[in-house]
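S.K.: Sequence:
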Amino acid sequence: AVVNHVTMSLLNCENSCGSSQSDSDCCAAMASSCSTAAKDDSVSGTASTGNFSSSFMGEIQGYDVEFDPPLESKYECPICLMALREAVQTPCGHRFCKACIIKSIRCIISCFYFFNKIQIHDENCPLANVVCEYCNTILIREQMPNHYDLDCPTAPIPCTFSTFGCHEKMQRNHLARHLQEHTQSHMRMLAQAVQNLSLNLAPMHQHEMLPYDSNSPSRVPAGCHAEVQNFQETIQQLEGRLVRQDHQIRELTAKMETQSIYVSELKRTIRTLEDKVAEIEAQQCNGIYIWKIGNFGMHLKSQEEDKPVVIHSPGFYTGKPGYKLCMRLHLQLPSAQRCANYISLFVHTMQGEYDSHLPWPFQGTIRLTILDQSEAPVRQNHEEIMDAKPELLAFQRPTIPRNPKGFGYVTFMHLEALRQRAFIKDDTLLVRCEVTTRFDIGSLRREGFQPRSTDAGV
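Residues in the sequence shown are numbered from 1 upward in steps of one, following the numbering used here.
Keep in mind that the hints were calculated from the coordinates and are not lab data. Predicted model, so just to flag it, every value in this text is computed and none were measured. Glycine is no exception: its CB is placed at the ideal position from the N, C-alpha and C atoms. You may find that some hints are simply not true.
Using C-beta positions, here's what the derived DEER-type ranges look like [what the hints assert, rightly or not]:
{"id": "1", "residue 1": "Thr258", "residue 2": "Thr154", "range": "24 to 30 angstroms"}
{"id": "2", "residue 1": "Thr258", "residue 2": "Ile140", "range": "56 to 62 angstroms"}
{"id": "3", "residue 1": "Glu305", "residue 2": "Gln380", "range": "48 to 54 angstroms"}
{"id": "4", "residue 1": "Ile120", "residue 2": "Glu257", "range": "50 to 56 angstroms"}
{"id": "5", "residue 1": "Ala226", "residue 2": "Asp246", "range": "28 to 34 angstroms"}
{"id": "6", "residue 1": "Ser335", "residue 2": "Pro158", "range": "50 to 56 angstroms"}
{"id": "7", "residue 1": "Leu139", "residue 2": "Met256", "range": "28 to 34 angstroms"}
{"id": "8", "residue 1": "Thr154", "residue 2": "Gln237", "range": "52 to 58 angstroms"}
Here are the computed lysine-lysine pairs in the BS3-like style, where the Cα-Cα straight-line distance is at most 30 angstroms [stated by the list, open to error]:
{"id": "9", "residue 1": "Lys301", "residue 2": "Lys267"}
{"id": "10", "residue 1": "Lys74", "residue 2": "Lys267"}
{"id": "11", "residue 1": "Lys425", "residue 2": "Lys301"}
{"id": "12", "residue 1": "Lys320", "residue 2": "Lys292"}
{"id": "13", "residue 1": "Lys307", "residue 2": "Lys74"}
I would like the entire structure built from these sequences, with the hints used as guidance.
M.R.: As structure tokens, then:
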């Protein structure tokens, strides 16, 4: 009853979706019902709700930091678009910051009866999350015994040679070092165990067994002298080999550590160079950027399975110097209200190299196009033009690497129209963005294009 009620609480929570809701609200509603992910992404072109107070944003947002390497999208909260803070997961599989999801959902049932024994249930539920007392890893309760016995890196365990006399205990991640540092003592313990075993196998009827002493051959049972001598020689040879191998291992370990440091430095250098090359390429766009989205069939399949699909393009500049922007494409779910099976397309401002030399907020015109990749002489691209609205947060100077507020169209293009023509070729979709700043808007107006209403501040 408890599990079913929690699921129903999340699935039956509804957020009102007016024409002025932001993209953050859209993602929050997705936690309550996967079908409403797109609903709240839609906002009016005449009203801006991106103007949340700074105190509210501070309450719901995750970690506002830049990760190296970049953070995977699965660790990004879809409400505040930042790194997850106190991450929680809904029954449908979405992850959110704890503060974001609590702010965005509400229960519509009085359910005190079902929760009167929730504490007892939580203490015994085999699927409840528990924290490992040694490594602080969060696992479900039924996995914890195997975790202690096999996986926990800091769980105390006995030495592998404990049966031969080594009584040391250490953390599991220190076992390898212990074995390496005490190889000789372990081999002596093993040799003594072999000696004792050989003595115990001697004929018991000749005389009482006494501890073996190499200086007192008379104590060795008759008929066992040759066998014991062979054992002793073999053990001495093995000890010599172990000493040599121990030295070799130490030398190889030192070399490996040196190489690891060198490889890490090379990786950092490569990442730095890659970032510089990407930044240089972005500056060469001069306001026209074509975004190639590969493996688009995989994204369509995820959308058909009711899995959210949100993709961000690399950053690009409107000129040199110029504003740095990026695009966001969202495949709306089949269960979404008012915008089911639509492609949503938005533009976000980003922190750029020239921000301190540019006028803010951004002002200009943006042309978004999904390119027709057919071989026809006249290609029928799908295109929309929008004017920037300086009063919206989407066009203010960003204070984080990517402005969470976007500007664009919730219903840019229907997926059915996408399939009717050759918009997808070689499993690749091409999206073109052309940006004209306020200094050269007149050239675009002369071409005869008139922008339609957009969904602002999303």
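S.K.: The structure should be examined with respect to each hint, and the outcome stated for every one.
M.R.: Hint check results:
1. Thr258 with Thr154: 24 to 30 angstroms: This hint holds: roughly 27 angstroms between Cβ atoms.
2. Thr258 with Ile140: 56 to 62 angstroms: Between Thr258 and Ile140, where Cβ atoms are some 41 angstroms apart, the hint is violated.
3. Glu305 with Gln380: 48 to 54 angstroms: With Cβ atoms ~30 angstroms apart, the hint is violated.
4. Ile120 with Glu257: 50 to 56 angstroms: holds, 51 angstroms
5. Ala226 with Asp246: 28 to 34 angstroms: holds, 31 angstroms
6. Ser335 with Pro158: 50 to 56 angstroms: holds, 55 angstroms
7. Leu139 with Met256: 28 to 34 angstroms: At 32 angstroms between Cβs, range holds.
8. Thr154 with Gln237: 52 to 58 angstroms: violated, 38 angstroms
9. Lys301 with Lys267: violated, 35 angstroms
10. Lys74 with Lys267: holds, 24 angstroms
11. Lys425 with Lys301: Distance of about 16 angstroms is within 30 angstroms: holds.
12. Lys320 with Lys292: holds, 23 angstroms
13. Lys307 with Lys74: holds, 13 angstroms
Checked against the numbered hints given earlier, this structure breaks hints 2, 3, 8 and 9; the rest are met.
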